[in-house]
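Just so it is clear: in the sequence shown, position 22 is 22 by my numbering, and no numbers are missing.
Please note that the accuracy of each hint is not assured.
Listed below are the simulated BS3-like cross-link pairs for lysine-lysine, each with C-alpha atoms no more than 27 Å apart in a straight line [as the list claims (entries may be wrong)]:
1. 161 - 65
2. 65 - 7
3. 164 - 67
4. 65 - 78
5. 81 - 7
6. 74 - 161
7. 74 - 143
8. 7 - 41
9. 81 - 91
Rather than coming from a laboratory, the hints here were simulated on the basis of the structure.
Note that the structure is a prediction, hence the values are computed from the model and not measured.
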Amino acid sequence: MKKSNAKNISEFNSLEARGWIIVVTSEIERFIDSIIMDFIKINDQKRDFFVNVLLGGDTIFFGAKIKILIQILKNIDKEKKFQNLIENLRKINRIRNIFAHCYSDDVIIYDKNLGGKATKVEEVLFKVSKNSKGDTENVLFKKYLKEFDSYYNEEFRENLKELKSIVKS
1 MKKSNAKNIS
11 EFNSLEARGW
21 IIVVTSEIER
31 FIDSIIMDFI
41 KINDQKRDFF
51 VNVLLGGDTI
61 FFGAKIKILI
71 QILKNIDKEK
81 KFQNLIENLR
91 KINRIRNIFA
101 HCYSDDVIIY
111 DKNLGGKATK
121 VEEVLFKVSK
131 NSKGDTENVL
141 FKKYLKEFDS
151 YYNEEFRENL
161 KELKSIVKS
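Modelling step: build the complete structure from the supplied sequences, incorporating the hints.
Okay, here's the thing in C-alpha cells:
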C-alpha cells in the first residue's frame, strides 16, 4: 500500500478519509479507556485485563464508554465544563460509525464530469441509514469529513487531556 500524498484532510480520497476517521476515533477511544481506568484506579497488574477484556470492543462499545464518561463527569464536573466535549464525542462516534459501516457496495461513485469515476472525496456519495425503518439517503464523504474535523479540533484534544489530568489526580 502506498503512502498518501495528501497534505491535509481535504485532499484525502475516500479510502484515506475512511481510514483516518477510524484510526483517530480508535485513538480517542483508547484515551477514554485510560480516563476510565484512572477514575476507577485500576492498578498496573490488572490494566491489561481491564483494557482487553472489560473495555475491549467486543464487550463495551464506544457509545457505552461515552456513557461511562458521562457518569464520571457527574462526579467531578459540577460546573459542566466538559459538556461540549461529550457532545463532540457523540458526533465523532456517529460519523465514525457512518464511515466504518459503509460497505463498499453501498458506495456510489459520482462525478458528472468524469463519466462516473470519482477520484476525490467530494465526488463520493454513499448510502447512510436515516432511521430504524431502513430508509437511506445519499451523502457526500466530504460533508462528514469536514464535520469530523471540526469536532476533532485543538480545543477538543486539550479538553480530553485536561479531563484525564483531573481524573488522574
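Determine which of the earlier numbered hints do not hold for this structure and return their numbers in increasing order.
2, 5, 7 and 8
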